[in-house]
Amino acid sequence: MSVSGDQAELHAGEPSACKVGLTPAERLLFAGVRAWARMRISGHRPHQAVAAALGRKVSSRTATLFIAWIQAVETGSRRPLALTCPDCGGVSTDAQRLIVACGAAPVDGALAYALLEPILRDPSLVIGLGVRLNRAMAAEGWPLPARCIEGESHTVH
Numbered sequence: 153m154s155v156s157g158d159q160a161e162l163h164a165g166e167p168s169a170c171k172v173g174l175t176p177a178e179r180l181l182f183a184g185v186r187a188w189a190r191m192r193i194s195g196h197r198p199h200q201a202v203a204a205a206l207g208r209k210v211s212s213r214t215a216t217l218f219i220a221w222i223q224a225v226e227t228g229s230r231r232p233l234a235l236t237c238p239d240c241g242g243v244s245t246d247a248q249r250l251i252v253a254c255g256a257a258p259v260d261g262a263l264a265y266a267l268l269e270p271i272l273r274d275p276s277l278v279i280g281l282g283v284r285l286n287r288a289m290a291a292e293g294w295p296l297p298a299r300c301i302e303g304e305s306h307t308v309h
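FYI, my numbering numbers position 67 of the sequence shown as 219, with every residue one higher than the one before it.
Please note: incorrect hints may appear among the correct ones.
[Stated by the list, open to error] DEER-style ranges, computed between Cβ atoms:
{"no.": "1", "residue 1": "Arg213", "residue 2": "Arg192", "range": "17 to 25 Å"}
{"no.": "2", "residue 1": "Gly195", "residue 2": "Pro295", "range": "32 to 40 Å"}
{"no.": "3", "residue 1": "Ala262", "residue 2": "Gly195", "range": "32 to 40 Å"}
{"no.": "4", "residue 1": "Ala220", "residue 2": "Val259", "range": "15 to 23 Å"}
{"no.": "5", "residue 1": "Ile193", "residue 2": "Pro270", "range": "20 to 28 Å"}
{"no.": "6", "residue 1": "Ser211", "residue 2": "Asp260", "range": "23 to 31 Å"}
Since the hints were derived computationally from the structure, they do not count as laboratory data.
Note that the Cβ used here is the ideal one computed from N, Cα and C, for glycine as well.
All chains, full assembly: derive it from the sequences and hints.
Rendered as structure tokens:
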């Protein structure tokens, strides 16, 4: 994703530095999160630009659900979230927690809660919106996987 003025562009292929094996839907979600963060950091209001960029890939309804979800993440964060791994430049643990929790939310709310609790004060709203966002993305051909394999790490780093 790049930010040019007030425009946010989504590049579902990012990041290439870390081989975490993201699905196309996970890459799209991560691209939206990064676009949001980049615009916030640069002092721009990301709402319209990110919604418009996502709206070119998914419906405006799904883009609106993403905006609600990311706003809930932003307002509920315990601390500033890292999106890029400082070691490899790829997807950070915080970002992986968000993406995996969104994928798991419809089938394993307890796992989603456990993933989000270290980074959010109250993960409940983010989980509820994650369920809706997940379902909307799946209905449009962007299914998020439920990475709920017991005994395995749910994040790469």
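Hint check:
1. As the Cβ distance of Arg213 to Arg192 is approximately 23 Å, the hint placing it in 17 to 25 Å holds.
2. At roughly 35 Å, the beta carbons of Gly195 and Pro295 sit within the given window of 32 to 40 Å.
3. A hinted range of 32 to 40 Å holds for the C-beta pair Ala262 and Gly195, which are about 38 Å apart.
4. Hint check: Ala220 to Val259, Cβ distance near 21 Å, so the stated range 15 to 23 Å holds.
5. Here the CB-CB span from Ile193 to Pro270 is close to 22 Å, well matched to the stated 20 to 28 Å.
6. A hinted range of 23 to 31 Å for the beta carbons of Ser211 and Asp260 is consistent with their spacing of about 26 Å.
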